[in-house]
Amino acid sequence: MRFELTEEQQQVLSMVRSLARKTLAPKAAEIDEESRYPEDHMRLLAELGLLGMLFPASCGGSEAGALAYSIALREIAGGCASTAVGMAVTNMVGETIWRFGNEEQRKKYLPGLASYSIGAGAFALTEPSAGSDAGSLQTTALEDGDRYILSGSKVFITNGAFAGVTIVAAVTQKEPRKIGAFLVEPGTPGFSVGKAERKLGLKGSNTVSLTFDECPVPKQNLLGNTGEGFRIVLAALDGGRIGIASQALGIARSALDTATAYAKERKQFGQSIADFQAIQWMLAESATELDAGQLLTYRAAWLKEQGRPFTREASMAKVFATEAGNRACHKAVQVLGGYGYIREYPVERNLRDIRVTTIYEGTSEIQRIVISRSLLK
Amino acid sequence: MVFDLTEEQRMIQEMARSFAQKEVLPKAAELDETGRYPAELVRHMSELGLMGVAVPEEYGGAGMDNICYVIAMEEIARACASTAVIMSVNNSLVCDPLMKFGTEAQKKKYLVPLASGQKLGCFGLTEPGAGSDAGSQKTTAVRNGDHYVVNGTKNFITNAPEADTCILFTMTDREKKHKGITAFILDMKTQGITIGKHENKMGIKASPTSSIILEEVKVPVENRLGNEGDGFKVAMNTLDGGRIGIAAQAIGIARAALEDALAYAKERKQFGQPIAEFQAIQWMLADMATEIDASRLLAYRAAWLKDRKAKHSKESAMAKLYASETAMRAGVKGIQIHGGYGYIKEYPAERHFRDAKITEIYEGTSEILRLVIASALLKD
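Protein chains in written order, with the numbering used here: chain A, 23 to 399; chain B, 117 to 496.
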């Protein structure tokens, strides 16, 4: 056991923290207010190597490792949660192409993802009737000579309209059922992007539906082998869950910091409200739960970095950190009282932004299924 | 970050687990039922080096680190929470302050037999009127030449009826309030000491708890632990470490609740299938397991900081707060999963629930721990 960061991880932490606080945080309110996709931020992240943290320099990445990635994502989320989810999905797509793609696919997409020159990465699994039950997807990819023809629709796809490459899961064979993962580029005939969803939070992140109307995708864009698609998307999600846990920790930590600072300043009944036990309790509980969530997240990231199994640990990290994070943001609003409810302070945005973290990339309910299955084995 | 146990940590885990499962677990129900002090288990633990895990070998201990201590505590508590607290008090509340604040002579005379388990220690801080407000000590020690004369009453003292040595807290200068508190190493055979009646408790029933009545007790000056007025610092510093031990105890109890519930859920059939196949049950199991892992990481972190002699007040408070509340929730869920069987003594679920409750109270209530954490946050 050792509970300290390496020097490299320390460096990532201080670099990203300073970027998040000085550059991203001041724009977060405006991005939220205008529901503007933060392309300027994405370019900035690309310059610092933060969009390709999980693959090597030979493909344009910075290969910082899962732990440094978790730290970076947390810090970015503390500044601007919408930027963080754009970063998270792009890194997840890059990592998945690195792990399962062939040399040609890696060379073709990874440098462009890391530099943002082709845009962001997107991951298209969810469908109107395939959410938690991801295996029931209906989009098909039927073999037709040297290509597959994709038909169907995807919903709630993060980065969809800004993606240079989208990983699309589709059924390649009905009996026995096989699923493939495809790399789809914008501009492919029959591929269209729907209008952006209006959301409770993460308003700067782009969330769209995708429609595939007899969309031809060349066979060389199949990721991995035929029938390997479901395994690929599940593997991506295991890693993604560490990312979302990190995002939640960043948002919640920022809310707790705001609440702590506010509690020291705000006076009622002739004293700082920080002197009341009611307020101290909320701060102490948030801090304790966030530390616990942080340790679970570090553990999952560390296991992943060591190349060991981490499915259960990633689920524990995600369900714990996102639920603790939601509670912490809720309490932060309460500590700020009326000021917590108005947009002059960031905590109402924190509360809206963090709400989705118990939902996407596997709901809390799916995480509990994963955990209990591993216990009952 | 490294989340692997070291070779030594793995070894003590195996050793403590095997001892706990073979020797302690089979006796846990009987110990709870009779409230009998498990002298034979304490003797056995002494032989295994578990009564002074983190004390250097030259002072009679096992010379391991505090993570080893957490690991061993968890395993013993998994089997029997009463046995675990006897061990915890001796390790954290007696050996640790002697190691940290004792003179060389005091260590030789008192620490060696305590850490090796030949003798047993207790910690006399709590009084009838001084619980969470530990600074409001009423027991007095008045200097008289080469000794102090002590008068007062200590309350709820774990191990007191069996103890040979007590780390005793007294007021030597009432004017100075908590800065007037002084700690002593008290030989329990000294004239003037009466052990009160054994408390009849809700849980950890085999751990002996009683009051200590001190009437004109003469304590030699050389038995003073630290200087006059250092007592509060000694107590708080000691409790920072003690909380890591209680966190570990709570983790062991929570794990017992989970493991028993898990086994029951796989066997018990209702509506034509094992109840483990219902999400209602799966949810409870998943939450217990996740919270236990979180608690364990918090406890390991605090122990790791303590080993490095880094500040760990906030971290040990977090570990104990979270682990003890996790244990209580796990105790509640463990009974719920067992249904009616959880409420009867044929199954251990109800014992885990009763044993868990104390971990939210002793060595700093959840309320005191939240104060500790909040004041650390507000200072930053």
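Simulated from the structure, these hints should not be mistaken for laboratory data. Treat the hints loosely; a few may be bogus.
Calculated cross-link-like contacts (lysine-lysine; reagent style DSSO-like; alpha-carbon spacing at most 27 Å) [to be verified]:
#	chain 1	residue 1	chain 2	residue 2
1	B	495	A	289
2	B	292	B	334
3	A	130	A	241
4	B	334	B	349
5	B	334	B	305
6	A	399	B	225
7	B	216	B	143
8	A	399	B	495
9	A	221	A	49
10	B	495	B	425
11	B	461	B	143
12	B	425	B	225
13	A	286	B	216
14	B	143	B	317
15	B	495	B	293
16	B	305	A	286
17	B	143	B	425
18	A	399	B	385
19	A	44	A	286
20	A	44	B	143
21	B	216	B	295
Results for each hint:
no.: 1; hint: B:495 with A:289; verdict: holds, 17 Å
no.: 2; hint: B:292 with B:334; verdict: holds, 23 Å
no.: 3; hint: A:130 with A:241; verdict: holds, 15 Å
no.: 4; hint: B:334 with B:349; verdict: holds, 23 Å
no.: 5; hint: B:334 with B:305; verdict: holds, 11 Å
no.: 6; hint: A:399 with B:225; verdict: violated, 52 Å
no.: 7; hint: B:216 with B:143; verdict: violated, 35 Å
no.: 8; hint: A:399 with B:495; verdict: violated, 46 Å
no.: 9; hint: A:221 with A:49; verdict: holds, 19 Å
no.: 10; hint: B:495 with B:425; verdict: holds, 20 Å
no.: 11; hint: B:461 with B:143; verdict: holds, 14 Å
no.: 12; hint: B:425 with B:225; verdict: holds, 25 Å
no.: 13; hint: A:286 with B:216; verdict: violated, 35 Å
no.: 14; hint: B:143 with B:317; verdict: holds, 18 Å
no.: 15; hint: B:495 with B:293; verdict: holds, 23 Å
no.: 16; hint: B:305 with A:286; verdict: violated, 51 Å
no.: 17; hint: B:143 with B:425; verdict: violated, 37 Å
no.: 18; hint: A:399 with B:385; verdict: holds, 17 Å
no.: 19; hint: A:44 with A:286; verdict: holds, 23 Å
no.: 20; hint: A:44 with B:143; verdict: violated, 61 Å
no.: 21; hint: B:216 with B:295; verdict: holds, 19 Å
Consistency with the previously given hints fails for numbers 6, 7, 8, 13, 16, 17, 20, ordered from lowest to highest.
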